[in-house]
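A.B. asks: Listed here are the chains, written in short residue letters.
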Amino acid sequence: MTKENSKIPVEKLGTGIEGFDLISQGGLPIGRTTLVTGTAGSAKTVFAAQFLAEGIRKSNEPGVFVTFEEHPSEIRKNLLSMSWHIQEWEERDLWRFVDASPQPGHETIESGEFDLGALLARIEYAVRSIGAKRISIDSLGAVFTLFNNATLVRAELRRLSAALKGMGVTALMTAERTQEFGEIARFGVEEFVADNVIILRNVLEAEKRRRTIEILKFRGTTHQKGEYPFTVLPDQGIIIIPLSAIELKQRSSGLRVPSGSPEMDRMCGGGFFRDSLILVSGATGCGKTLMTAEFIHGGAKKGEKCLLFAYEESREQLLRNASGWGIDFESLERNNQLRVVCAYPESAGLEDHLIAIKQEIDSFKPDRVAVDSVSAMERVGSNRGFREFMISLASFVKHREIPGMFTATTATLMGGPSVTESHFSSITDTIILLRYVEMLGEMRRGVTVLKMRGSMHEKDIREFTIDHQGMHIGKASGSHFGHVPELTRLSVDAVCVREDLSGDLDGMDGTSHGFRIGSASKRRNRSA
Amino acid sequence: MNEASLYQFRLYVVGDTPSGRKARDNFKKIREYLRPDEVQLEVVDILQAPERAEMDRIIAVPTLVRISPPPNFRIIGDLSDSAHLRTFFAIPEDGNNKLEVRP
Chain A
1 MTKENSKIPV EKLGTGIEGF DLISQGGLPI GRTTLVTGTA GSAKTVFAAQ
51 FLAEGIRKSN EPGVFVTFEE HPSEIRKNLL SMSWHIQEWE ERDLWRFVDA
101 SPQPGHETIE SGEFDLGALL ARIEYAVRSI GAKRISIDSL GAVFTLFNNA
151 TLVRAELRRL SAALKGMGVT ALMTAERTQE FGEIARFGVE EFVADNVIIL
201 RNVLEAEKRR RTIEILKFRG TTHQKGEYPF TVLPDQGIII IPLSAIELKQ
251 RSSGLRVPSG SPEMDRMCGG GFFRDSLILV SGATGCGKTL MTAEFIHGGA
301 KKGEKCLLFA YEESREQLLR NASGWGIDFE SLERNNQLRV VCAYPESAGL
351 EDHLIAIKQE IDSFKPDRVA VDSVSAMERV GSNRGFREFM ISLASFVKHR
401 EIPGMFTATT ATLMGGPSVT ESHFSSITDT IILLRYVEML GEMRRGVTVL
451 KMRGSMHEKD IREFTIDHQG MHIGKASGSH FGHVPELTRL SVDAVCVRED
501 LSGDLDGMDG TSHGFRIGSA SKRRNRSA
Chain B
529 MNEASLYQFR LYVVGDTPSG RKARDNFKKI REYLRPDEVQ LEVVDILQAP
579 ERAEMDRIIA VPTLVRISPP PNFRIIGDLS DSAHLRTFFA IPEDGNNKLE
629 VRP
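Residue numbers (my numbering), protein chains in the order written: chain A, 1 to 528; chain B, 529 to 631.
Treat the hints as calculated values from the structure; they're not laboratory data.
None of these values were measured; they are calculated from a predicted model.
Cβ coordinates follow ideal geometry from the N, Cα and C atoms, glycine included.
Take the hints with a grain of salt, since some may be wrong.
The following residues of chain A were derived to be distant from chain B, with all beta-carbon distances above 10 Å [as the list claims (entries may be wrong)]:
| id | residue |
| --- | --- |
| 1 | E70 |
| 2 | Q87 |
| 3 | R92 |
| 4 | G182 |
| 5 | L216 |
| 6 | L233 |
| 7 | G269 |
| 8 | G303 |
| 9 | R315 |
| 10 | N321 |
| 11 | Q337 |
| 12 | I355 |
| 13 | R379 |
| 14 | E438 |
| 15 | S455 |
| 16 | T465 |
Quick list of simulated restraints, FRET-style, between CB atoms [claimed, not checked]:
| id | chain 1 | residue 1 | chain 2 | residue 2 | range |
| --- | --- | --- | --- | --- | --- |
| 17 | A | T39 | B | S596 | 38 to 48 Å |
| 18 | A | E88 | B | Y561 | 45 to 55 Å |
| 19 | B | Y561 | A | H71 | 31 to 41 Å |
Looking at chain A on its own, in the form it has when it is part of the complex (with noise of 0.2 Å):
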């Protein structure tokens, strides 16, 4: 017996969890019962709490907790590092808990038939006194042990699941599972109590602990399909990161802003986009920090607020490198024109450190935003984790309309293909190459413009040299080059891991997958 229309298609109900509306397209069904299954330490019971935490402090719709676990006390202390004030949405009236824990020092013995109307009753009395909206029962596990009959126990929470319909909410239970892969629940739970399961996963992979969330099934409507990535952060609670849910809408402006050094600008046809990509390779000390200092330094100069994060040195010797360089990083910082982020890549995981990069975008509003280097994280996250840290970064920072620059480290000094570069080159607008190159016997340094979407540029490798002014690009040396091995291995980089993201023009061949060089012959040909 429900109280749904039949007429009308099921209704979704906006958590305000991040990410979470965004893979549920619109919320939990509203009115039904919603399962979260995890193994221990998956987060269950912050998801939950959340799920409330956020119906109150987005639209102030009053929810009931109820716990067959852990005290309410020990709920309020918890979930206090996430800023969230129980005590407080208590006394308000917008949180009621209904405590179900087993009372230590209370010996309990079964006699006869009995069942769970005292806690029917308790959780209808809540939803009534207070107007809930939401619910969340942690955790249907729990029941069970308090227990001996779990025929009874079963037939109990089917009468509750049904019951919570004919109450109006939208509810939300949680069980345990044993395995991250296997059966859905512990007491198979699903098959009586949810028209809707989630799941949780908490799994070690390559040494590194990777949470992820799947919506299993939402009966009657739909959802985005397979694993994504959240974390946990104080403060804030869970952070889904919505990676193939992001949306493509991302205008393509044809403004162009100055990369810093006005030779660059030529090579590029007239400078960098405004919105777009630009992928910086190159080995190391091949002058990739000083590109961005270089990108920096332009933004600055015409009044521009910029970003950087730096994950390869520390703060003190970036800013005596720039220093080096002529360009003085602290004092832009003074004049709050720059903010330097420094961290080491392996002091949180990569969802952590992709959401610090997005709060702080969120919170300076940058101009301009470099990532010196990107290549940094590979080492943090699994080969798969990175992908989608690359791919997230990379559409975060389109949508927010800036030019982004990151730099990668190629794997050999010479040159040649890096993880960072076969995962991002094909959502990048602009991919400038920095090499070592052999010329007239000696190592010198080379600069090209491989790629840039939209628009001509150069294809000619220049010589760039480093002083105290920074760097400085020399004319196309033309066959004054020698043998540039790296040059030619690039068609074999440039796998396309996603299809073209934005639909952009491809500005050197017009196909949608990256960029191809076949031999320095053809690159001549195709010139502007």
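Position chain B relative to chain A; hints supplied.
C.D. replies: Same frame as chain A, but now just chain B:
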């Protein structure tokens, strides 16, 4: 009955149900063995007083709670399992002294 009853019990029920009635009947029989004038029983209907169930954290009905003497003891069910009850109330099992509860 007086304030200083030796035994104080509280029986939680939800409305008027068969299992609730059975629990009351069976409790009467137990009472016979426990010096009837020293036993105090309070029946709480959770539909009328849900906040009391909240205080005692009652989940199942019927639930019999022993308030005094301590420690706090609970029996869940309609009190139809005599073996359990004998242990609980320390009623000796012999021929003349048979505890007969409604199964």
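A.B. asks: Please go over all the hints and tell whether each is borne out by the structure.
C.D. replies: Hint check results:
1. E70: The claim stands: E70(A) keeps its Cβ more than 10 Å from every Cβ of chain B (closest is about 13 Å).
2. Q87: Q87(A) clear of chain B: closest Cβ-Cβ about 17 Å, beyond 10 Å.
3. R92: holds (18 Å)
4. G182: holds (30 Å)
5. L216: At about 29 Å from chain B, L216(A) clears the 10 Å cut-off, so the statement holds.
6. L233: holds (33 Å)
7. G269: Per Cβ check, G269(A) is outside 10 Å of chain B; nearest 72 Å; holds.
8. G303: The assertion about G303(A) holds, with a minimum of 62 Å to chain B.
9. R315: Fine: 54 Å to the nearest Cβ keeps R315(A) off the interface.
10. N321: holds (64 Å)
11. Q337: Correct as stated: the minimum Cβ-Cβ distance to chain B is 58 Å, above 10 Å.
12. I355: Holds, because the least Cβ-Cβ distance between I355(A) and chain B comes to about 39 Å, which exceeds 10 Å.
13. R379: Answer for R379(A): holds, closest chain B Cβ roughly 50 Å.
14. E438: holds (79 Å)
15. S455: About 69 Å separates S455(A) from the closest Cβ of chain B, which puts it past 10 Å; holds.
16. T465: holds (77 Å)
17. T39(A) to S596(B): 38 to 48 Å: holds (43 Å)
18. E88(A) to Y561(B): 45 to 55 Å: holds (51 Å)
19. Y561(B) to H71(A): 31 to 41 Å: Holds: the Cβ-Cβ distance is about 36 Å, inside 31 to 41 Å.
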